[in-house]
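Its first residue numbered 8, the sequence shown is counted upward by one per residue in my numbering.
Among the clues, some could well be false.
Calculated pairs, BS3-like style, for lysine-lysine (alpha carbon to alpha carbon, straight line, at most 27 Å) [unchecked claim]: (1) 13 to 69; (2) 13 to 56; (3) 13 to 116; (4) 116 to 164.
Think of the hints as simulated: they come from the structure by calculation, not from any bench.
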Amino acid sequence: MSHQKKIVLIGAGNIGKGYLADLFSSHGYHLVFLTRRLAQAQSMRQEGKYLLYQILSDGGRKERFISGYEAYSTEAESEQCVQALCDTDYASVHLYPKSYPDIAALLAKVVKRKMQNGQERPLDVLLCVNSIRPARVFRRLILEQLQTDAQQEYFEKKIGLVETLTNGGGHLPDEQFLREHPNAVVASSGEDLPVDGAAFRGEIPDDVPLRTLDRFEERLIYKLWYGNMRHLSVALYAYHRGETLMCNAAASAYERECVEQAGQEALFAVMQEFGFTLEELVQGDGYAVNMDAYWEQLKKRKDCDSIGRVAADPIRKLEKEERLIGPALACIRHGKLPYFIARSIALMYSFQNPEDAQAVELQSYVSEHGLGAAMERFSGLCQQVPEEKLLRQLVEGHYQELMAGGGKSA
Numbered sequence: 008m009s010h011q012k013k014i015v016l017i018g019a020g021n022i023g024k025g026y027l028a029d030l031f032s033s034h035g036y037h038l039v040f041l042t043r044r045l046a047q048a049q050s051m052r053q054e055g056k057y058l059l060y061q062i063l064s065d066g067g068r069k070e071r072f073i074s075g076y077e078a079y080s081t082e083a084e085s086e087q088c089v090q091a092l093c094d095t096d097y098a099s100v101h102l103y104p105k106s107y108p109d110i111a112a113l114l115a116k117v118v119k120r121k122m123q124n125g126q127e128r129p130l131d132v133l134l135c136v137n138s139i140r141p142a143r144v145f146r147r148l149i150l151e152q153l154q155t156d157a158q159q160e161y162f163e164k165k166i167g168l169v170e171t172l173t174n175g176g177g178h179l180p181d182e183q184f185l186r187e188h189p190n191a192v193v194a195s196s197g198e199d200l201p202v203d204g205a206a207f208r209g210e211i212p213d214d215v216p217l218r219t220l221d222r223f224e225e226r227l228i229y230k231l232w233y234g235n236m237r238h239l240s241v242a243l244y245a246y247h248r249g250e251t252l253m254c255n256a257a258a259s260a261y262e263r264e265c266v267e268q269a270g271q272e273a274l275f276a277v278m279q280e281f282g283f284t285l286e287e288l289v290q291g292d293g294y295a296v297n298m299d300a301y302w303e304q305l306k307k308r309k310d311c312d313s314i315g316r317v318a319a320d321p322i323r324k325l326e327k328e329e330r331l332i333g334p335a336l337a338c339i340r341h342g343k344l345p346y347f348i349a350r351s352i353a354l355m356y357s358f359q360n361p362e363d364a365q366a367v368e369l370q371s372y373v374s375e376h377g378l379g380a381a382m383e384r385f386s387g388l389c390q391q392v393p394e395e396k397l398l399r400q401l402v403e404g405h406y407q408e409l410m411a412g413g414g415k416s417a
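All chains should be built: construct the whole structure from the sequences, respecting the hints.
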């Protein structure tokens, strides 16, 4: 590779500054962070380093400082951001879906700049996000920004949109920790990054632990429907019990059984919908099906990861193909009643957080129009489709019990 070993990380949150930064900087890559907020970019540049506080799978801790990076604001320093992306072979995106249009517009500018300058080296963008079919979404948004056939052809040949399975996570530090280390991150460790090898337009780097897998779009849906659904369900049960921190979420045997049963329903949905065997799923995400190890790790963690963070943006998570409704409908299509996933859906529709704009909007709509109307508006579930009608009935039954005070563990 003629370029300096470098990756441009679009999004300077816990995943970017934690999991991805650790993975690439540990193998000699120079880091360039792009963040929307100018204040964050300036703070990172002024401090010159930040503390990465890692939570290991055995419950242990590891600290390291990351330094020698660059940081720019996509909002106030657009020229530096475009040029940084033109000068690298690899980038990554780790932001929520509401930011996709802005990032697509930035990548479209990069396409035009690289084409204008006659740059032939491809740019591969690792999509480290939790959403349905992100490569398709980004491709559509970028093509909308390209005005000529030549620009669109260059994009298709030179820009790789590479879906990934981000098996590492990030957590919110407490206020005292941030006062001592303003740009610090708390993150779980990740040994490698599974990627869609077929999506690369350039060389797949052999000096970073990237693990290539097939059928990647479907594997990403599996991660969302099973892994993310399960983790969200844990948070929702704990919220219903009155907890605020994820490290206390594994206390109830009743809740653990409900979550595990929901996971079994989701595994059934994925295997039936996409034709996977369990062995094929374990190849990409073996830890996800090891529930004993999951509960042990959750109990050992003593970080400040909040239930509010895990359950945030409930309207997005209640969309029809997302982590709750998607596997529930797939179960029904293939002849299985999604009893426990439906209970998680009811918990999501009852989730309240006055600091979460989507939670406030959702509860306001449910209060004014009722649960049935809310399920039609936010989850696309209508009475005229038999499988959707059945799911609505299941969710309504659980919801009424939960609102009456039932279903709580002793």
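Results of checking the hints against the structure:
Distance restraint check for residue 13 and residue 69: the Cα-Cα separation of roughly 24 Å lies within the 27 Å cut-off, and the hinted pair is therefore satisfied. For the proposed pair residue 13 and residue 56, the alpha carbon gap of about 17 Å is at most 27 Å, so the pair holds. A C-alpha spacing of about 20 Å is found between residue 13 and residue 116, which places the hinted pair at or below 27 Å, so the restraint holds. Restraint check for residue 116 and residue 164: satisfied, since their Cα atoms lie roughly 16 Å apart, inside the 27 Å limit.
Going through the hint list in order, the structure satisfies each hint without exception.
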